[in-house]
Amino acid sequence: MFRNQYDTDVTTWSPAGRLFQVEYAMEAVKQGSAAIGLRSRAHVVLACVNKANSELSSHQKKIFKVDDHIGLAIAGLTADGRVLSRYMRSECINYSFTYESPLPVGRLVVQLADKAQVCTQRSWKRPYGVGLLVAGLDESGAHLYYNCPSGNYFEYQAFAIGSRSQAAKTYLERRFENFTDSSREDLIKDALIAVRETLQGETLKSSICTIAVVGIGEAFHTLDQETVQQLIDAFEIVAEPEAPAAEPDAAAEQGEGADQGAAADQGVAPMDI
Amino acid sequence: MATTMVKEVGSEPAQLLGPESASERTLYPYVTGTSVVALKYKDGILMAADMGASYGSTLRYKSVERMKSIGKHSLLGASGEISDFQEILHYLDELILYDNMWDDGNSLGPKEVHSYLTRVMYNRRNKFNPLWNSLVLGGVKNGQKYLGMVSMIGVNFEDNHVATGFGNHLARPILRDEWHENLSFEDGVKLLEKCMRVLLYRDRSAVNKLQIAKITEEGVTISQPYALKTFWGFSAFQNPTVGAEGSW
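Listed in order, the protein sequences are those of chains A and B. Per the UniProt record's numbering, the first sequence runs over residues 1 to 273. Per the UniProt record's numbering, the second sequence runs over residues 1 to 248.
Since the hints were derived computationally from the structure, they do not count as laboratory data. Wrong hints could be hidden among the right ones.
To be verified - Label pairs and their in silico Cβ distance ranges:
{"id": "1", "chain 1": "A", "residue 1": "Ser14", "chain 2": "B", "residue 2": "Trp102", "range": "29 to 35 Å"}
{"id": "2", "chain 1": "A", "residue 1": "Glu202", "chain 2": "B", "residue 2": "Glu94", "range": "22 to 28 Å"}
{"id": "3", "chain 1": "A", "residue 1": "Ile93", "chain 2": "B", "residue 2": "Glu24", "range": "19 to 25 Å"}
{"id": "4", "chain 1": "B", "residue 1": "Arg60", "chain 2": "A", "residue 2": "Asp68", "range": "49 to 55 Å"}
{"id": "5", "chain 1": "B", "residue 1": "Lys127", "chain 2": "A", "residue 2": "Glu100", "range": "21 to 27 Å"}
{"id": "6", "chain 1": "B", "residue 1": "Glu94", "chain 2": "A", "residue 2": "Ile93", "range": "42 to 48 Å"}
{"id": "7", "chain 1": "A", "residue 1": "Ser54", "chain 2": "B", "residue 2": "Glu158", "range": "51 to 57 Å"}
{"id": "8", "chain 1": "A", "residue 1": "Asn152", "chain 2": "B", "residue 2": "Gly219", "range": "50 to 56 Å"}
Unchecked claim - As a list, the in silico BS3-like pairs of lysine-lysine whose alpha-carbon atoms are at most 30 Å apart:
{"id": "9", "chain 1": "B", "residue 1": "Lys141", "chain 2": "B", "residue 2": "Lys194"}
{"id": "10", "chain 1": "B", "residue 1": "Lys111", "chain 2": "A", "residue 2": "Lys115"}
{"id": "11", "chain 1": "A", "residue 1": "Lys65", "chain 2": "B", "residue 2": "Lys141"}
Just so we're clear, the structure is a prediction, and the values are computed from it rather than from any experiment. Heads up, the beta-carbon is just placed ideally off N, CA and C, and yes, glycines get one too.
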């Protein structure tokens with residue numbers, strides 16, 4: 001996209017019927033690190049790539065729990081994402097207090113979209129620069145939605161946002177037809193493979209990847225690093241890009257050996273000065 | 001410059017009128033309905049209420065429906081001030097309307113409506129302006145039966161059988177003795193009629209014209225009004241003063 005005379009204000013239409021500021025906000029989403037979501041009939045898995053600015057700093061938090069039955073992953077301006085997740089938590093808890101019942105995710109997502117739309121129609125505001133993958137449950141089962149800075153929202157079987165998300169989307173497009181009936185474990189495995197796709201050859205390890213799960217009978221929670229690493233090893237995802245289903249232990253050990261060899265020149269080294 | 005005598009527009013009490021302020025808080029009820037009794041049975045909830053509304057000690061109105069269906073899944077019965085009951089129905093109308101307008105396959109069930117009513121009643125109580133009712137909320141959603149009560153001060157609970165007003169004292173003991181899981185429809189109705197008959201004999205604000213409402217997964221049915229048979233031919237009622245000296 002190039003600069004033009006219609007892109008200064010969010011309230012200025014271009015002659016072609018575009019709102020450039022809104023489109024620029026969606027660019028901000030594409031610059032953020034990848035976030036991926038997939039769902040089956042009873043579970044939704046969110047996965048994201050967590051890059052720290054430097055080895056000294058901690059990772060950006062990209063996955064937020066909104067309620068026991070709703071969580072989200074963000075890509076883009078994390079500060080905007082934090083503010084929106086605070087709004088969502090507030091809505092959920094107010095609904096729970098009044099009705100003693102969980103807020104259906106479909107309704108929360110519409111409220112969120114309406115909030116984003118307001119920022120596209122006020123001259124003194126700017127659109128939120130964050131895309132949200134909202135995972136949640138309601139009466140009709142498990143759902144995954146994508147909320148856009150434009151105020152649109154869509155429901156997905158599987159989706160990926162952020163930088164290099166196209167690689168993940170290509171993988172998901174090949175596999176999504178099986179997701180509805182997937183088991184929880186298979187769903188997580190597919191999420192990990194999709195994350196690996198966005199890494200373009202970099203080794204997948206639990207320190208750069210966060211996984212969260214929500215399901216019928218399972219509250220939204222983030223898996224801890226150890227569990228994620230075990231899953232990565234078990235699925236032997238590190239070894240080959242086209243790795244099929246989980247192998248028996250012998251092959252897993254081989255995979256680990258190869259990983260250690262490849263990792264010899266990565267990670268920290270003892271200081272020698 | 002506005003004077004302090006001007007009443008503010010809006011819902012503020014007329015405090016600014018000075019010594020003769022009008023009070024806009026509910027102090028006592030005027031037109032009241034008496035007991036509501038309800039129980040869970042095999043397929044859902046059965047609820048009974050008579051059709052009387054008293055004006056103090058006068059049995060003024062005799063065709064008042066004190067039970068109404070709410071949305072697809074709930075049934076509300078009320079005792080106490082009838083105008084406050086109508087106000088509550090108005091709030092619930094709006095609630096259900098907005099719920100339907102989402103048009104998304106989700107709907108408010110009896111538990112949610114009960115919780116909402118509890119919030120409304122408690123909030124009004126905190127402002128010292130209560131809705132003078134005891135509400136019974138029953139319903140079935142996705143096979144789950146639900147029966148609960150909210151009082152005018154916001155006390156709420158769920159149970160297998162509930163009763164308001166005089167029913168608390170007269171119907172509850174009967175229900176405690178004779179209620180059991182998986183009552184059939186006929187047995188449930190018989191049990192409710194037994195409670196209503198006792199109330200008819202002993203509660204002076206009861207009238208002999210009642211309705212029984214049933215709610216199941218399929219929906220709500222409220223019966224046509226009917227009367228209970230009563231018996232007054234006890235020998236003690238013949239020549240009632242025969243044993244008492246000095247009476248006529």
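Evaluated hints:
1. A:Ser14 to B:Trp102: 29 to 35 Å: 34 Å, holds
2. A:Glu202 to B:Glu94: 22 to 28 Å: 55 Å, violated
3. A:Ile93 to B:Glu24: 19 to 25 Å: Check failed, 32 Å falls outside 19 to 25 Å.
4. B:Arg60 to A:Asp68: 49 to 55 Å: 50 Å, holds
5. B:Lys127 to A:Glu100: 21 to 27 Å: For Lys127 (chain B) and Glu100 (chain A) the Cβ distance comes to about 22 Å; the hint holds.
6. B:Glu94 to A:Ile93: 42 to 48 Å: 23 Å, violated
7. A:Ser54 to B:Glu158: 51 to 57 Å: With a Cβ separation near 56 Å, Ser54 (chain A) and Glu158 (chain B) satisfy 51 to 57 Å, so the hint holds.
8. A:Asn152 to B:Gly219: 50 to 56 Å: 37 Å, violated
9. B:Lys141 to B:Lys194: Holds: Lys141 (chain B) and Lys194 (chain B) sit about 28 Å apart, inside 30 Å.
10. B:Lys111 to A:Lys115: Measuring from Cα to Cα gives roughly 29 Å; hence the hint holds.
11. A:Lys65 to B:Lys141: 28 Å, holds
Checked against the numbered hints given earlier, this structure breaks hints 2, 3, 6 and 8; the rest are met.
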